[in-house]
Amino acid sequence: GAVVSQHPSRVICKSGTSVKIECRSLDFQATTMFWYRQFPKQSLMLMATSNEGSKATYEQGVEKDKFLINHASLTLSTLTVTSAHPEDSSFYICSAGLAGRQSYEQYFGPGTRLTVT
Amino acid sequence: AQSVTQLGSHVSVSEGALVLLRCNYSSSVPPYLFWYVQYPNQGLQLLLKYTSAATLVKGINGFEAEFKKSETSFHLTKPSAHMSDAAEYFCAVSGGYQKVTFGTGTKLQVIP
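Residue numbers (the numbering used here), protein chains in the order written: chain A, 1 to 117; chain B, 1 to 112.
No wet-lab data here; the hints were simulated from the structure. Among these hints, one or two may not hold up.
As the list claims (entries may be wrong) - Straight-line distance between alpha carbons at most 20 angstroms, and here's what the computed PhoX-like set of lysine-lysine pairs gives:
#1 B:K68 x B:K58
#2 B:K69 x B:K58
#3 A:K64 x B:K99
#4 B:K49 x B:K99
#5 A:K55 x B:K58
#6 B:K68 x B:K49
#7 A:K41 x B:K107
Work out the full structure: start from the sequences and follow the hints.
This is the structure in structure tokens:
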């Protein structure tokens, strides 16, 4: 149980375009989902926390107008990278926490490799 | 506030040798502690977690970790390394509702 999927797994886009990444909890409901960014050979950096039905909370230094997060249902959160630039190329990973309790555990998706040319 | 320090960004061991990956944490509240493994171009897989029950935690693939409050440590061990253990390992701490802080990771190399 507790499976999280991400789509697409890889995406290549041209500079200036927007890209949407989906994160789904397949067999449980997640009131909270997290978006991370991972640079090569580095750790995960939390970008934002999204709660179903409300605005996402962004970490310091993360541009909320550039990285749009929508958590429309208990099983789906999306991250849209707007007007992408080559420096946005990275590995994006989402995670989901179980709903209904003070969960301390997150379940991670397989990640999305974004390359902006 | 919470933080994690992983000592050694790269660790090399011979196949069959002991694996020891070090992790020290800081937390203002009783912590939950995790070890994750990441293979290239993949997400994170939970190896094991400490949740204030037994201090010696056993995980998947033969890994275990011991919570030592006096040393604020949560080192990961495996008695005998296997080639398939080569990956990046992340220690993480959570002191509150779901927010997790990750260490910088340790890349484990297993030499045949």
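We went through each hint and held it up to the structure:
{"no.": "1", "hint": "B:K68 x B:K58", "verdict": "holds (15 angstroms)"}
{"no.": "2", "hint": "B:K69 x B:K58", "verdict": "holds (17 angstroms)"}
{"no.": "3", "hint": "A:K64 x B:K99", "verdict": "holds (19 angstroms)"}
{"no.": "4", "hint": "B:K49 x B:K99", "verdict": "holds (15 angstroms)"}
{"no.": "5", "hint": "A:K55 x B:K58", "verdict": "violated (38 angstroms)"}
{"no.": "6", "hint": "B:K68 x B:K49", "verdict": "holds (14 angstroms)"}
{"no.": "7", "hint": "A:K41 x B:K107", "verdict": "holds (9 angstroms)"}
Violated hint: 5 only; the structure is consistent with all others.
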